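Asks: Chain residues, written in single-letter form:
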Amino acid sequence: MTTALAIGLREAEQFLYREARLADAFALEEWEALWTDDAVYHVPVDPDADPRTHMSIVFDNRGRIATRIKQLQTGRRHSQRPPSRLCRSVTNVEILGAEGGDTVVGSVVQVLESRDRGTTWWVGRVTHRLRRVPGGDGGELRMAAKTVVLVDSDRPLPTMSFLL
Amino acid sequence: MTAVDVDHARTDHAGTDALADRIRSLVLPDRVHGSIYTDPDVYARELERIWYATWVYVGHASEVPEPNDYVRKTIGPQQVVMTRDKTGAIHVLHNRCSHRGNLVCDAERGNAGSFRCPYHGWTFANTGDLLGFPFNQGYGGSRARAELPGLGVVPRVEAYRGFVFASLAPDGPTLREHLGAAAERLDRLCRLSPSGEVELTAGWVKHEVTANWKMLVENETDGYHPQFVHSSIFSISGSGIGALYSDKSTAVTRALGGGHTENDLSPEFRRLGVPMGWAGTPEAKIPDYVAAMRAAYGTETADEIMIDGSPHVMIFPNLFVAEIQLFQIQPLAVDRTVQHVTAIQFKGAPDLNRRLVTQCVGSVGPAGMLLADDAEMYERNQRGVAQRQPEWLDLTRGVHRERVDDDGHTIGTATDETSMRAMWRHYRELMT
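If you read the protein sequences in the order shown, they are chains A and B.
Residue numbering for the first sequence follows UniProt numbering, starting at 1 and increasing by one per position.
Residue numbering for the second sequence follows UniProt numbering, starting at 1 and increasing by one per position.
This is chain A alone, in the form it adopts within the complex:
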């Protein structure tokens, strides 16, 4: 029997680095496979506001994550044609606690995005809810929720159509 807190810091870090690498590389199918079926991907404007009644930059349930991926896969998502060149670092990784059966992991992400329009630096605090699901040797990690609170989330932001 594996308990939620059995996800250790090292394992969580490895997961976050992998997720970051897949997102940078637009490895869309592999990135999508990291989500659980009940997943929520959230980039709020105001992290204290209820996303069901207030505007967010991104507020995707699992179905909409799939739509977002499919849209990129059409090759006609103009704001990603050509795809942004991305390199992100994930730092300050901490195990923050447990929620239900999931482990809550905090981190900081910094993404450098290069496009024709110029270079944009995206920085935010990230909270992942990681879950161990059956599979592989001792189970595999999935993300049940990912929330990215950008430093400048309530200011005017340029287009951000890559996977944050």
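Take the hints with a grain of salt, since some may be wrong.
Said to hold, decoys possible - One side of the interface only, derived from the structure: several residues of chain B facing chain A at Cβ under 10 Å:
(1) Arg176
(2) Leu332
(3) Ala333
(4) Met369
Hints are computed from structural coordinates only; laboratory data are not their basis.
Here the structure is a predicted model, which means the values were calculated and not measured.
Where a beta carbon is used, it is the ideal one built from N, C-alpha and C, also for glycine.
Could you slot chain B onto chain A? The hints should help.
Replies: For chain B alone, kept in the frame of chain A given last:
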């Protein structure tokens, strides 16, 4: 086509208006010159002749529901504060201390009867009146209050159905005259609320683009682009929006006068005849809303309203109502524009409102599945018009099939550039 000398035709100081002459030569009935989007002199005149002269949308009464509520807003690059005083009246104040020019209000919103400048402590009522200043002997006592200036007060503020507009010009047409036929489009929007009221309570996403503001205004009622710019999302979501903007569509593009334009999709919605079809939300999912609408208007009228749907109207120069969402366009520089967007909320319709937020968030803003691609087009266009050839942008689509409807408005088909031609006609009048 003739080349335009954009470098040398500056306004001179001898009294002739060279800039007006140049703008006349840049904005023609069937084409506009690329420099109209890139020239800082043109932009400076737009601020004076459009943004600081005509009625500009500022905010909505529901954003300051209680006495002494305030919210920071913008009129183009101008920072203003929209306040509701203790009597309930709405004011629009320049966010600038009358003493040394400091920004008086830094909170985005709140409730306060007065604002105190952090620099030297001058205090102003939410009507703009100067209330006091520390160490008043330096001004000969508190009676100097009568002689010293208060906050800049935007001279004209009027609301229509809760939509607050302001004009920096002390005189001019009334708001009702300015809105003209566009007012009925706001009525059509409000009618979708069982209480007849719209609320803007969902907060804002702010999307900044490296493009001239007019690129956005033109795109808002350009029915030619959706099938191309948004084909990625239409093709995978099964959305019917693309078909509304096709050669077969019965929808029309309409010039409403005063530079206001719309894509009137209601002929298509009526043809399809599905209540709430325009919102992509089956009646069964929003039973409370449907019941409230039928209770408010009677079944027959309610169903008509719910079939006809919401307007898609661009109220010049900065208010765009696109069915379920509202955009406020804010120019910051000749090539920088912010689009503020929120989900429209109908008072008394919580079940529908939640769906509208969800849908809107999926579509708009920096990561929106629709607007991110529109923004990409604005920015590509802005880079394009900076190139030297072929200088002009074509506006002729649908000229040969334009007609005048029963209300005297010029209309074209769903994909015609009737709206752009009308916008530019109005622009030329204001600018020259």
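Asks: Look at each hint and say if it fits the structure.
Replies: Here is how each hint holds up against the structure:
Because the smallest distance between the Cβ of Arg176 of chain B and any Cβ of chain A comes to about 30 Å, over 10 Å, the interface hint for this residue is violated. Against a cut-off of 10 Å between C-beta atoms, the interface hint on Leu332 of chain B holds, since the closest Cβ of chain A lies about 8 Å away. The closest approach between the C-beta of Ala333 of chain B and any C-beta of chain A is roughly 12 Å, which is over the 10 Å cut-off, so the hint fails. Residue-level restraint check for Met369 of chain B holds (minimum Cβ-Cβ distance to chain A is 6 Å; threshold 10 Å).
Comparing the model with each numbered hint stated earlier shows that hints 1, 3 do not hold.
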